[in-house]
Amino acid sequence: MKSVKKGLRLVAALEAFKGIMSLIVGFGLHVLAGHNLRQFAESIVNHAHLNPASHVPSVFINAMSHVSESNLTLLAIGAFIYSIVRLVEAYGLWQQLVWTEWFALVSGAIYVPFELYELFHHISVLGVSVLLLNIVIVWYMAHMLFVKSE
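For what it's worth, full-length UniProt numbering labels the leading residue of the sequence shown as 1, then goes sequentially.
It is worth saying that the hints were derived from the structure and are not from the lab. The C-beta atom is built at its ideal place from N, Cα and C for all residues, glycine as well. Any given hint could turn out to be false.
[As the list claims (entries may be wrong)] Derived DEER-like restraints, expressed as beta-carbon distance ranges:
no.: 1; residue 1: Asn51; residue 2: Ile84; range: 38 to 46 angstroms
no.: 2; residue 1: Leu119; residue 2: His49; range: 31 to 39 angstroms
no.: 3; residue 1: Ile81; residue 2: Phe146; range: 43 to 51 angstroms
[Claimed, not checked] Dumping the calculated SDA-like pairs for lysine to any residue here, alpha-carbon to alpha-carbon at most 20 angstroms:
no.: 4; residue 1: Lys148; residue 2: Val136
no.: 5; residue 1: Lys18; residue 2: His35
no.: 6; residue 1: Lys18; residue 2: Lys148
no.: 7; residue 1: Lys18; residue 2: Phe103
no.: 8; residue 1: Lys6; residue 2: Ala76
no.: 9; residue 1: Lys5; residue 2: Gln95
no.: 10; residue 1: Lys148; residue 2: Leu105
no.: 11; residue 1: Lys6; residue 2: Trp139
no.: 12; residue 1: Lys18; residue 2: Gly78
no.: 13; residue 1: Lys6; residue 2: Val125
no.: 14; residue 1: Lys5; residue 2: Ser68
no.: 15; residue 1: Lys6; residue 2: Gln96
no.: 16; residue 1: Lys5; residue 2: Phe17
no.: 17; residue 1: Lys6; residue 2: Tyr140
no.: 18; residue 1: Lys6; residue 2: Trp102
no.: 19; residue 1: Lys6; residue 2: Val88
no.: 20; residue 1: Lys6; residue 2: Asn134
no.: 21; residue 1: Lys18; residue 2: Trp94
no.: 22; residue 1: Lys6; residue 2: Val136
no.: 23; residue 1: Lys148; residue 2: Gly78
no.: 24; residue 1: Lys18; residue 2: Tyr111
no.: 25; residue 1: Lys18; residue 2: Val85
no.: 26; residue 1: Lys18; residue 2: Ile84
no.: 27; residue 1: Lys18; residue 2: Ala76
no.: 28; residue 1: Lys5; residue 2: Val98
no.: 29; residue 1: Lys18; residue 2: Val147
no.: 30; residue 1: Lys5; residue 2: Trp102
no.: 31; residue 1: Lys18; residue 2: Leu132
no.: 32; residue 1: Lys6; residue 2: Val147
no.: 33; residue 1: Lys6; residue 2: Leu145
no.: 34; residue 1: Lys6; residue 2: Phe103
no.: 35; residue 1: Lys18; residue 2: Val106
no.: 36; residue 1: Lys148; residue 2: Leu10
no.: 37; residue 1: Lys18; residue 2: Ala109
no.: 38; residue 1: Lys148; residue 2: Trp99
no.: 39; residue 1: Lys18; residue 2: Val128
no.: 40; residue 1: Lys148; residue 2: Val138
Given only the sequences and the hints, what does the whole structure look like? Please build it.
Rendered as structure tokens:
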């Protein structure tokens, strides 16, 4: 039973990490609301010593100049909601609450088709790694729930 606890706590730690990162992104988006995003993008490009006239930096600057404050606010709210969901899931997995085990299984499995679709269009080491990690977590959660039901 100790290995069960370790496995669930490892998944809980991953979910907590995702929740904390989403919370940081949400705060960052909230802070950016009301600022000149074009100027912000230009300062990032300059700080990175990139040529603002080259393709990728110019696309980034142009895209940032078209983001509205309401879209930024909606993205920040979405990031906060996502972080709450992930942190609640992490707490539940840490406490071995069965409903969060089911939630982890379903929420992990939902992403698999999208990850496969993305890999069919653009294969990358990061994409393959994320897919494999997700499949391992989904398999582990399904295994845990199956073992408990016996």
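These are the hints, each one checked on the structure:
no.: 1; hint: Asn51 / Ile84: 38 to 46 angstroms; result: holds, 40 angstroms
no.: 2; hint: Leu119 / His49: 31 to 39 angstroms; result: holds, 33 angstroms
no.: 3; hint: Ile81 / Phe146: 43 to 51 angstroms; result: violated, 31 angstroms
no.: 4; hint: Lys148 / Val136; result: holds, 18 angstroms
no.: 5; hint: Lys18 / His35; result: violated, 26 angstroms
no.: 6; hint: Lys18 / Lys148; result: violated, 27 angstroms
no.: 7; hint: Lys18 / Phe103; result: holds, 15 angstroms
no.: 8; hint: Lys6 / Ala76; result: violated, 33 angstroms
no.: 9; hint: Lys5 / Gln95; result: holds, 9 angstroms
no.: 10; hint: Lys148 / Leu105; result: holds, 14 angstroms
no.: 11; hint: Lys6 / Trp139; result: holds, 16 angstroms
no.: 12; hint: Lys18 / Gly78; result: holds, 14 angstroms
no.: 13; hint: Lys6 / Val125; result: violated, 27 angstroms
no.: 14; hint: Lys5 / Ser68; result: violated, 45 angstroms
no.: 15; hint: Lys6 / Gln96; result: holds, 11 angstroms
no.: 16; hint: Lys5 / Phe17; result: holds, 18 angstroms
no.: 17; hint: Lys6 / Tyr140; result: holds, 12 angstroms
no.: 18; hint: Lys6 / Trp102; result: holds, 17 angstroms
no.: 19; hint: Lys6 / Val88; result: holds, 18 angstroms
no.: 20; hint: Lys6 / Asn134; result: holds, 17 angstroms
no.: 21; hint: Lys18 / Trp94; result: holds, 15 angstroms
no.: 22; hint: Lys6 / Val136; result: holds, 15 angstroms
no.: 23; hint: Lys148 / Gly78; result: violated, 34 angstroms
no.: 24; hint: Lys18 / Tyr111; result: holds, 15 angstroms
no.: 25; hint: Lys18 / Val85; result: holds, 10 angstroms
no.: 26; hint: Lys18 / Ile84; result: holds, 10 angstroms
no.: 27; hint: Lys18 / Ala76; result: holds, 15 angstroms
no.: 28; hint: Lys5 / Val98; result: holds, 13 angstroms
no.: 29; hint: Lys18 / Val147; result: violated, 27 angstroms
no.: 30; hint: Lys5 / Trp102; result: holds, 16 angstroms
no.: 31; hint: Lys18 / Leu132; result: holds, 17 angstroms
no.: 32; hint: Lys6 / Val147; result: holds, 16 angstroms
no.: 33; hint: Lys6 / Leu145; result: holds, 15 angstroms
no.: 34; hint: Lys6 / Phe103; result: holds, 18 angstroms
no.: 35; hint: Lys18 / Val106; result: holds, 17 angstroms
no.: 36; hint: Lys148 / Leu10; result: holds, 18 angstroms
no.: 37; hint: Lys18 / Ala109; result: holds, 16 angstroms
no.: 38; hint: Lys148 / Trp99; result: holds, 13 angstroms
no.: 39; hint: Lys18 / Val128; result: holds, 18 angstroms
no.: 40; hint: Lys148 / Val138; result: holds, 15 angstroms
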